[in-house]
Amino acid sequence: MTRFVAERLLQSVILVLIVLTITFFLMHLSPGDPMSRYDDPNISPETVRLIREQLGLDKPVPEQYMRWMASFLRGDFGVSLRFNRPVSSLLAEAIPNTLRLTIAALTLYIVIGVILGLLSAVRRYSLFDRLSTIAALFVYSIPSFWLALMLILLFSLKFEILPSSHMQSMGVSGMGWLARFSDRIAHLVLPAFVLGVASAAGMARYMRGSMLDVLREDYIRTARAKGLSERSVFLKHAFRNAAIPIVTIIGLSLPFLLGGAVIIEKIFSWPGMGALMVDSIFARDYPVVLAVNFVVTVMVILGNLAADIGYALLDPRIASGRKAGK
Amino acid sequence: MKETIKRSYWSSGWDRFRKNPMGMAGAVIVVSLYLIALFAPVIAPGDPVDHGDLPSMRHLPPGGSHLLGTDKFGRDVLTRLLYGSRISLVIGFIAVAISVLIGTIVGAVAGYAGGIVDSVIMRIVDALMAIPRLFLLLTCIALFSRSIWLIIFLLGATSWMATVRLVRAQLLTIKEQDFVVAAEALGAGKRRIILKHLIPNTLTVIIISATLRIGGIILAEAALSFLGLGVPPPTPSWGQMVFEGREVLLGAWWVSTFPGLAIIITVIGYNLLGDGLRDAFDPVQFS
Amino acid sequence: MDKLLKVENLTTEFLTSEGLARAVDRFSFDIGHGETVGLVGESGCGKSVTALSIMRLVSDPPGRISGGSIFLEGKDLLSLTEKEMRKIRGNEIAIVFQEPLSSLNPVFTCGEQIREAIALHQKMGRKQSREKAVEMLRLVKIPDPGNRYFSYPHQMSGGMRQRVMIAMALSCQPKLLIADEPSTALDVSVQSQIMELLSDLRDAMSMSILLITHDLSVVAQMAERVIIMYAGTAVEEASVKEIFSDPGHPYTEGLLASIPRLNARVERLSVIPGNVPDPLNLPSGCRFSDRCPKREERCFAKEPPMFVAGKGHFVRCWLSEGQER
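Residue numbers (my numbering), protein chains in the order written: chain A, 1 to 326; chain B, 1 to 287; chain C, 1 to 325.
No lab work stands behind these hints: they were computed from the structure.
Hints may contain errors.
[Claimed, not checked] No farther apart than 30 Å at their CA atoms in a straight line, the calculated lysine-lysine pairs in the BS3-like style are these:
hint, chain 1, residue 1, chain 2, residue 2
1, C, Lys175, C, Lys83
2, C, Lys302, A, Lys236
3, A, Lys236, C, Lys241
4, C, Lys87, C, Lys75
5, C, Lys6, C, Lys302
6, C, Lys6, C, Lys87
7, C, Lys127, C, Lys87
8, C, Lys141, C, Lys123
9, C, Lys123, C, Lys6
10, C, Lys241, C, Lys3
11, C, Lys6, C, Lys83
12, A, Lys236, C, Lys123
13, A, Lys236, C, Lys132
14, C, Lys87, C, Lys132
15, C, Lys75, C, Lys141
16, C, Lys83, C, Lys141
17, C, Lys6, C, Lys241
18, A, Lys236, C, Lys3
19, C, Lys127, C, Lys75
20, C, Lys294, A, Lys236
21, B, Lys72, A, Lys158
22, C, Lys83, A, Lys236
23, C, Lys175, C, Lys311
24, C, Lys6, C, Lys311
[Claimed, not checked] Reference excerpt, derived from the structure (chain B facing chain A, CB under 7 Å, subset only):
hint, residue
25, Leu138
26, Pro232
27, Pro234
28, Val242
Just so you know, these numbers come straight off a predicted model, no measurement behind them.
Virtual Cβ for every residue (Gly too), placed ideally from N, Cα, C.
Let the hints inform the model, and build the full structure from the sequences given.
This is the structure in structure tokens:
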């Protein structure tokens, strides 16, 4: 188990280093010299030279790479061109908001997906199963921004029961704890649902397939031969096994969720990393763009690491190292 | 001998495909879309960029001479929808072609070379796959100036990683097969072996996965256009049309609704077609 | 003498793409209290389907018990509700399957899988049922049972896993144990240990065993009576002694002749040419007629009934024609 975790940890570190290198190359591809904003007749060439030295831009590229990498790993992502503030402080505000949204979507999609998938597996080939197959195909094909607009049209504009933007209402700070909490939840419902719904469809399909595979296993017959109820057979013996590959699927869905957050945050004016990314692109604020890209990727890598560890915890065969290669 | 096996493989696959109503529905949708794109000028009732008589033409509801209504510039939504199919289809097709090309080459090199080259390539692929697709796209778009060809290229250039894994896995199995070992023993050059034997053998798998990927690429393009970072206006693009209807959702719902439905139908069409092809031609590989 | 288990005209069918296949066809037999009966036949003859039918575990769809009755101490199992049947499974009738690895759930400890059956049928709390499970592990001679309780199936050897399966099956003192090829999947060296264990436990617990196997030599070790099954039904039934000394059915003779050559893992008879017929395409008349070395004209005309060939000895063959059973 320890060895398995150590291996995965090392792999994750290597991945982060590669992503860093890719980011460095992208940065050098970005148009313009970082010094171009000092292209001002009022600044003396001598000052420019000093700044250049200060930023380490006079050093050879490999050295620049090492210095830059060290500072990135420390969380020093430079200064935003747009706000003239450290990028790290912008991220410190945006990251929790994105996490709140994605974790809500993640929870929602796992719960919905697992329940629908289980029901489909239990009632295989029933009307419900067929309908959910078709629904999954349909949901996969819906652009999230369009779904978001349609739900806003329905729930925010027509029936006015759910808010369509921001994380909380104006003037909510004066209210009691419960009112503030429910206000936050209300703001979370639509974006989290839109963000999670496609993954829920995928999860339901996967859960169904995984359950049906497991239900064919010999040990399910053994469980029935013991006299266990169908409920125990399904929820204890089958589900525990079917859930193991699901953990990997959750890990794989992270890039998808975080990518989706870009659009959802933009539509629902959610002040997270996705919205920050899009605004920074329009403002040509490269340091922020690269930093957000890097941080999001590290989040994905950490998420996958967590999924791997979860997999090992759920599957005793990995914990004892027999299936570690798989 | 080999020829007849090949022919029966394709014809039996085609027989299986024809019997699958979902796959056929997908094929019909996709073919119809290409016909619409091709004949857009003939079937469209108006001009995609013609403003008409503002302000009387602005936001007309569906019905009458404007079947799906008009947008805020008084342009006919149906006409723009029909022309918009061109962008989606061209982008879907070319971007996937680029992605398949890059993916196949990289995958073939990794799979054939093996050893350290393979490990390095695959680690880079892993790293690229960890970057959420939309973030990777946006980062690239941020760095370059925007044009339709750049968008197409980037859509392809950011989605080839899955193909690498697929092609590499196929190559690793095929590499061990007798005829490749024999060809190498006879002194055929490495590159020749790859081109002559390996790539054709993985073609089915590549085509199927490419078809299944087109839907995702069309969605990505629509998302970019919706964010205002896709195809520059006034070229009609479905994603952008949805965006334009955003401010008038309640008053003129049709501006956003119909292009969204068009995207859904297109993506469903490609997904059904891809699923059908997969079930018909490669039942084992993916099931 | 009242029988523990009485199976009458059991018929189990499977819906296949080519039609309704009768895997078990009007099969009748019984098992007395404390008796061990061997059920012998080639693979595909319906032995395992019979076992699953008795447990009412035939997967439906595609399978279905379409006729006959199964009495356990006079109680018709086929008329019980699913809930009542669950009180029988694992409690009054238990089963040990062929493949111990795939038959044990990989994500639960062996002990937990035994404990679960005990807690279910004997209404015991967690602590009590755990102690009982450890005791069962000790009973099947697993060393260090207190620690082995926490082992997962993949951490054990094949023989140990089968011992766990046996412990699980016996944990509620069943009246009838169905052992479906309990040693076939194991190493040859372990096979006899498992059979010995089963026969020791049978004597200690005074239960009945239905021993399903393709290997007559296994039956010779353990059983008192043998039923030879072919293409879904019994073709001969006799005491072990008589089967070996005076076989009545040409199929039984073939089985006996193949004993020395039988590879324990290859369930195939080299001396009888051909295979068990597909239940969808039974030969006309006697179901063995297409492979039988002694076939005659009449064998193709009509299927023979069970004829009495001696005391408790029945043969389904025209060559033994006489009084019908």
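Evaluation of the provided hints:
With a C-alpha separation of about 19 Å, the suggested pair C/Lys175 and C/Lys83 falls inside the 30 Å cut-off, and the hint holds. A distance of roughly 51 Å separates the Cα atoms of C/Lys302 and A/Lys236; the hinted pair therefore is violated under the 30 Å criterion. Taking the CA atoms of A/Lys236 and C/Lys241, the gap is near 47 Å; set against the 30 Å cutoff, the hint is violated. Among the hinted pairs, C/Lys87 with C/Lys75 is consistent with the structure: their alpha-carbon atoms are about 13 Å apart, no more than 30 Å.
At roughly 27 Å between alpha-carbon atoms, C/Lys6 and C/Lys302 fall within 30 Å of each other, so this suggested pair holds. Straight-line distance between C-alpha atoms of C/Lys6 and C/Lys87 comes to about 19 Å, which keeps the hinted pair within the 30 Å bound. At roughly 22 Å between alpha-carbon atoms, C/Lys127 and C/Lys87 fall within 30 Å of each other, so this suggested pair holds. Among the hinted pairs, C/Lys141 with C/Lys123 is consistent with the structure: their alpha-carbon atoms are about 25 Å apart, no more than 30 Å.
Pair hint C/Lys123 plus C/Lys6 holds up; C-alpha atoms about 29 Å apart against a cutoff of 30 Å. Distance check on the hinted pair: C/Lys241 and C/Lys3 sit about 21 Å apart at the alpha-carbon level, within 30 Å; holds. For the given pair, C/Lys6 sits about 21 Å from C/Lys83 by alpha-carbon distance, which is consistent with the 30 Å threshold. The suggested pairing of A/Lys236 with C/Lys123 holds, with an alpha-carbon distance near 19 Å, which does not exceed 30 Å.
Taking the CA atoms of A/Lys236 and C/Lys132, the gap is near 21 Å; set against the 30 Å cutoff, the hint holds. Restraint check for C/Lys87 and C/Lys132: the C-alpha separation of about 19 Å stays at or below 30 Å, so the hint holds. Taking the CA atoms of C/Lys75 and C/Lys141, the gap is near 34 Å; set against the 30 Å cutoff, the hint is violated. Our distance criterion of 30 Å between C-alpha atoms is broken by C/Lys83 and C/Lys141, whose separation comes to about 34 Å.
In summary, the hint linking C/Lys6 to C/Lys241 is supported, as the alpha carbons are separated by about 23 Å, within the 30 Å threshold. Using a Cα cut-off of 30 Å, the hinted pair A/Lys236 and C/Lys3 is violated, with the two alpha carbons roughly 37 Å apart. With a C-alpha separation of about 34 Å, the suggested pairing of C/Lys127 with C/Lys75 is violated against the 30 Å cut-off. A C-alpha spacing of about 54 Å is found between C/Lys294 and A/Lys236, which places the hinted pair above 30 Å, so the restraint is violated.
At roughly 21 Å between alpha-carbon atoms, B/Lys72 and A/Lys158 fall within 30 Å of each other, so this suggested pair holds. Distance check on the hinted pair: C/Lys83 and A/Lys236 sit about 18 Å apart at the alpha-carbon level, within 30 Å; holds. For the suggested pair C/Lys175 and C/Lys311, the alpha carbons sit about 26 Å apart, so the restraint of at most 30 Å is met. For the hint linking C/Lys6 to C/Lys311, the alpha-carbon distance of about 19 Å falls within 30 Å, and the restraint holds.
Below 7 Å, beta-carbon pairs count as interface contacts, and B/Leu138 has one with chain A at about 6 Å; its hint therefore holds. Interface hint status for B/Pro232: violated, as the beta-carbon distance to the closest one in chain A is roughly 14 Å, over 7 Å. The restraint placing B/Pro234 at the interface with chain A is violated, with a minimum CB-CB distance near 19 Å, outside the 7 Å limit. With its C-beta approaching chain A no nearer than about 5 Å, B/Val242 sits inside the 7 Å limit, and its interface hint holds.
Violated hints for the displayed structure, listed by number in ascending order: 2, 3, 15, 16, 18, 19, 20, 26, 27.
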